[in-house]
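Generate the whole structure from the sequences, applying the supplied hints.
Here are the chains, one letter per residue:
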Amino acid sequence: AQRVTQPEKLLSVFKGAPVELKCNYSYSGSPELFWYVQYSRQRLQLLLRHISRESIKGFTADLNKGETSFHLKKPFAQEEDSAMYYCALTTGFQKLVFGTGTRLLVSP
Amino acid sequence: DTGVSQDPRHKITKRGQNVTFRCDPISEHNRLYWYRQTLGQGPEFLTYFQNEAQLEKSRLLSDRFSAERPKGSFSTLEIQRTEQGDSAMYLCGGGTLSTDTQYFGPGTRLTVL
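Chains as they are written, first to last, in this note's numbering: chain A, 1203 to 1310; chain B, 75 to 187.
The hints are all genuine.
Simulated crosslink set (DSS-like; lysine-lysine; CA at most 30 Å straight-line): (1) Lys131/B - Lys85/B; (2) Lys85/B - Lys145/B; (3) Lys1275/A - Lys1259/A; (4) Lys131/B - Lys1267/A; (5) Lys85/B - Lys1211/A; (6) Lys1259/A - Lys1211/A; (7) Lys1275/A - Lys1224/A; (8) Lys131/B - Lys1211/A.
For the record, the hints were derived by calculation from the structure and aren't laboratory data.
Written as structure tokens, this is what we have:
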């Protein structure tokens, strides 16, 4: 069965500190991995996807198939990064399977 | 703005009543998804349409739930005989055949008293 695990419910850092939001997945095939973000009072939106290998708002994520991980990283956190972050996977053009989310709080 | 709208944004109902939610994706969204999100959890898949065809339903979608997308454009999700456990945020996502990216609406928050 497909499963996404985000072990941290809350991650609190100071502005300028590095950030790593952990995500592990369970799937026997080759899934596509995503990070979705939800800022306060806004809708869920795509942050980045592993297939595009791009950096969005300074965030990057590398797919590690050996460790079945897709951790989200940013070298210097900003206050505007405070939000709820969800890791998700999909297989083909099907449903997204989400993790439980990590709330990132960046303090000044 | 993703172009996906949902109506209503909030719904309060009494246990046992029926409720219906609507999702309007943009015209390019051949694919339409419904998810349910409860407090402290990520969104959970309910059902998926490709154009007007309902291609997959989750086991979460009990017999009290029904979804339609009659003309391949907007979709409705109906819950009959609501229960307190149905209280959640109901999210709609739109997508195209050429990408796995989904674009979400603002959600409908249901409270069952």
